[in-house]
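Undergrad: One line per chain: the protein sequences are G and C, in this order.
Just so we're aligned: 235 in full-length UniProt numbering is position 235 of the first sequence, and the numbers increase by one with no gaps anywhere.
Just so we're aligned: 349 in full-length UniProt numbering is position 349 of the second sequence, and the numbers increase by one with no gaps anywhere.
Any given hint could turn out to be false.
Because identical chains share one entry, a pair is satisfied inside a single copy or across any pair of copies.
Result set (SDA-like, lysine to any residue): computed pairs, CA atoms no more than 20 Å apart in a straight line [what the hints assert, rightly or not]:
| hint | residue 1 | residue 2 |
| --- | --- | --- |
| 1 | K63 | L124 |
| 2 | K315 | L50 |
| 3 | K127 | A141 |
| 4 | K18 | E59 |
| 5 | K89 | M372 |
Just so you know, the hints here were simulated from the structure itself, not pulled from any lab data.
Computed from a predicted structure; not experimentally measured.
Protein chains: 2
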Amino acid sequence: MGLIVQKFGGTSVADIDKIKNVAKRVSKTYTQGNDVVVILSAMAGVTDGLIQMASQISERPVKREMDVLLATGEQTTAALLAMTLESMKYPAQSLLGFQAEVKTDCAFGNARILDIGAGRIKELIDKKKIVVIAGFQGCDADGNITTLGRGGSDTSAVAIAAALKADVCEIYTDVDGVYTTDPNICSKARKLSRVAYDEMLEMASLGAKVLQIRSVEFAKKYNVPVHVRSSFTEEEGTMVVNEDNDMERLMVSGITCSKNDARILVKGVPDQPGIAAKVLTPISDAGIVVDMIIQSSPKNGTNDIAFTVPRTEFKAAMEIEERVAKEIGAKCVQGDEGIAKISVVGVGMKSHAGVAATMFRTLAAENINIRMISTSEIHISCVIVEKYAELAVRSLHTAFGLDKI
Amino acid sequence: MGLIVQKFGGTSVADIDKIKNVAKRVSKTYTQGNDVVVILSAMAGVTDGLIQMASQISERPVKREMDVLLATGEQTTAALLAMTLESMKYPAQSLLGFQAEVKTDCAFGNARILDIGAGRIKELIDKKKIVVIAGFQGCDADGNITTLGRGGSDTSAVAIAAALKADVCEIYTDVDGVYTTDPNICSKARKLSRVAYDEMLEMASLGAKVLQIRSVEFAKKYNVPVHVRSSFTEEEGTMVVNEDNDMERLMVSGITCSKNDARILVKGVPDQPGIAAKVLTPISDAGIVVDMIIQSSPKNGTNDIAFTVPRTEFKAAMEIEERVAKEIGAKCVQGDEGIAKISVVGVGMKSHAGVAATMFRTLAAENINIRMISTSEIHISCVIVEKYAELAVRSLHTAFGLDKI
Numbered sequence: 001m002g003l004i005v006q007k008f009g010g011t012s013v014a015d016i017d018k019i020k021n022v023a024k025r026v027s028k029t030y031t032q033g034n035d036v037v038v039i040l041s042a043m044a045g046v047t048d049g050l051i052q053m054a055s056q057i058s059e060r061p062v063k064r065e066m067d068v069l070l071a072t073g074e075q076t077t078a079a080l081l082a083m084t085l086e087s088m089k090y091p092a093q094s095l096l097g098f099q100a101e102v103k104t105d106c107a108f109g110n111a112r113i114l115d116i117g118a119g120r121i122k123e124l125i126d127k128k129k130i131v132v133i134a135g136f137q138g139c140d141a142d143g144n145i146t147t148l149g150r151g152g153s154d155t156s157a158v159a160i161a162a163a164l165k166a167d168v169c170e171i172y173t174d175v176d177g178v179y180t181t182d183p184n185i186c187s188k189a190r191k192l193s194r195v196a197y198d199e200m201l202e203m204a205s206l207g208a209k210v211l212q213i214r215s216v217e218f219a220k221k222y223n224v225p226v227h228v229r230s231s232f233t234e235e236e237g238t239m240v241v242n243e244d245n246d247m248e249r250l251m252v253s254g255i256t257c258s259k260n261d262a263r264i265l266v267k268g269v270p271d272q273p274g275i276a277a278k279v280l281t282p283i284s285d286a287g288i289v290v291d292m293i294i295q296s297s298p299k300n301g302t303n304d305i306a307f308t309v310p311r312t313e314f315k316a317a318m319e320i321e322e323r324v325a326k327e328i329g330a331k332c333v334q335g336d337e338g339i340a341k342i343s344v345v346g347v348g349m350k351s352h353a354g355v356a357a358t359m360f361r362t363l364a365a366e367n368i369n370i371r372m373i374s375t376s377e378i379h380i381s382c383v384i385v386e387k388y389a390e391l392a393v394r395s396l397h398t399a400f401g402l403d404k405i
Numbered sequence: 001m002g003l004i005v006q007k008f009g010g011t012s013v014a015d016i017d018k019i020k021n022v023a024k025r026v027s028k029t030y031t032q033g034n035d036v037v038v039i040l041s042a043m044a045g046v047t048d049g050l051i052q053m054a055s056q057i058s059e060r061p062v063k064r065e066m067d068v069l070l071a072t073g074e075q076t077t078a079a080l081l082a083m084t085l086e087s088m089k090y091p092a093q094s095l096l097g098f099q100a101e102v103k104t105d106c107a108f109g110n111a112r113i114l115d116i117g118a119g120r121i122k123e124l125i126d127k128k129k130i131v132v133i134a135g136f137q138g139c140d141a142d143g144n145i146t147t148l149g150r151g152g153s154d155t156s157a158v159a160i161a162a163a164l165k166a167d168v169c170e171i172y173t174d175v176d177g178v179y180t181t182d183p184n185i186c187s188k189a190r191k192l193s194r195v196a197y198d199e200m201l202e203m204a205s206l207g208a209k210v211l212q213i214r215s216v217e218f219a220k221k222y223n224v225p226v227h228v229r230s231s232f233t234e235e236e237g238t239m240v241v242n243e244d245n246d247m248e249r250l251m252v253s254g255i256t257c258s259k260n261d262a263r264i265l266v267k268g269v270p271d272q273p274g275i276a277a278k279v280l281t282p283i284s285d286a287g288i289v290v291d292m293i294i295q296s297s298p299k300n301g302t303n304d305i306a307f308t309v310p311r312t313e314f315k316a317a318m319e320i321e322e323r324v325a326k327e328i329g330a331k332c333v334q335g336d337e338g339i340a341k342i343s344v345v346g347v348g349m350k351s352h353a354g355v356a357a358t359m360f361r362t363l364a365a366e367n368i369n370i371r372m373i374s375t376s377e378i379h380i381s382c383v384i385v386e387k388y389a390e391l392a393v394r395s396l397h398t399a400f401g402l403d404k405i
């Protein structure tokens, strides 16, 4: 018996029958004597439908109103689930973001949770109610509705679990756990029974779509055990927890693949101090996040600077760099949207040598050229031509001994 | 130049193109130098769709959650219109019920507005923003979302206009004003240029669907001039205002027809003091509103008691009366769903004799039997067999000189 936070994603609440299934699962946990707090996403497809509707009005709808619009999705599912539980004679009550006191900054569309005043939630728990909270939404200091960005319901769930000091935060989704890589790309992908917060962080930031990265940051910061599992089976999923000794036995825990980036190459940049800042500051000023950056060694007094940006921002970034190139007297700007970023991730890397070498050798054996490389303590990423992405993932999966037996 | 509240109904915001039209109209009023506050309904059909969804969960979904669900309809249109205005470069901001401080009691599904703390609205007006408010919704003292019942956006609009001391509250709808009767029934129906609050109140309560009755009560109480007009034309509609001398020239201003009632007749009730209370108290205890009540003169120590209830409550009311009849020793209970209530309304009745006589004579000339009669200072209603309803309306319309020339 304990306090359990359960989060259900969009595919788990896609229609009334699925919502009834969620109600069964929630009520089972409740009947076992647990306090239960449920966080919900919008029905699958609803958020996209709302975005599509707004796009008929404006290419760039004003963000404050976009959040008011999008928040209806989670409001709908929260009401429907509370209603379903009540119709099954379980005491339940929905709370919207502002009612659950999910306080955020005012970065509409991508707000950060600042604080959760868990008073009202606790009050309802004390009354033995199942509390059903609309995920993805909060409100700022002025009472405006905010949303937390794609996958934000994960963050809602973990943050609320942290605020309530819940025993576990269960993330129910349409996959049954965290895999060594995307099973759609590699049929030999294995489900991990445990994964460290840091590994999960890297995987999330490198393209694995299981959990929103901020939710993992929250989980790590407040030490919330997160259980990623399927809403369609009873099977155990993957526990995301603090690093432990067992985990280090494996060099690499997972392979990720992201096709969300584009590469921009500014050629013939004069080799002067501060020139990289001149190339990159206008990009960040435009609110575009740069991921990897490579500066070549100077040659004939000039450098090449290459960097990656989200593919959605590629056009905007190219326009900026073409202007910048003229101003600083660079030779030319080349862009490439057809890239993929393949990464190997594992806390085991800290104590195993040769991971990079194995990675480069494996890609070379498949005749795959590496265009950019970046590393951290627990990951190595390579940018390659997009069409080789799946081959690279499968080869690395085998090379690092991750294949299912 | 002044402060104008504009309310748009569901058909006026039924799709993105219609919302763009609303934005044009709103921005025109704003460009003329007025402060503008807009109140919106949900897109036509959306509320019914949500009700249908809830009905898949439960025949009687818990009301608190129903309100959370229904409130998404107006939230959506408010966000979309604010977004549209912003994309046209007009400063706009949406407010939900709780943000606009629409404070209600906690009668979920049919809440009454207790107070509107217009602070936030005024703040935005002072910043020259067009304020777009989600109608139909408010929140109770505990911060729960409430809704105001069918047509509640009218009430939102008038109550907000009253709180802001607006110069006029314009109700944009799919008809171009208040008619002497339903033009779908009587092709000779005329648009009224002015109608008194009291007449409008009677018409609304007697079946005219133009305005929610509570909105007229608010308008009368706070003396808010209401302008009912079409969102699809530029024509003037009908002003709902204080009674003036002009209005009294006409005996009758309108004919209404309601098919929303059913009649229950309890026959052979023992003629004892307090027996009517015994018959009717169980009905009101069940939350069913009784409209007309007729008690016959006693004959052989027994009475007949007839009354009408909303047709939606007919079955429940019949069950109650069959039980009551046994308890009090009444002879039998008869029910009839096939009735219509035809009413003539007019403040002119106060100073004109013979309205009732004209009404009865007109119906008699068409061989229409009157089953029940009720009257007030400014209306007379007759219950007749449903199939004669349209004929009765047309005959009375001619008899009272209301036909279009």
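Undergrad: Does each hint hold? Answer for all of them.
TA: Outcome of the hint check:
1. K63 - L124: Only across copies: K63 and L124 sit 18 Å apart there, 32 Å inside one copy, limit 20 Å.
2. K315 - L50: neither (25 Å within a copy, 40 Å between copies)
3. K127 - A141: between (28 Å within a copy, 19 Å between copies)
4. K18 - E59: between (33 Å within a copy, 18 Å between copies)
5. K89 - M372: Neither. Shortest intra-copy (58 Å) and inter-copy (43 Å) distances fail the 20 Å Cα cut-off.
Of the numbered hints given earlier, the model fails hints 2 and 5; all others are met.
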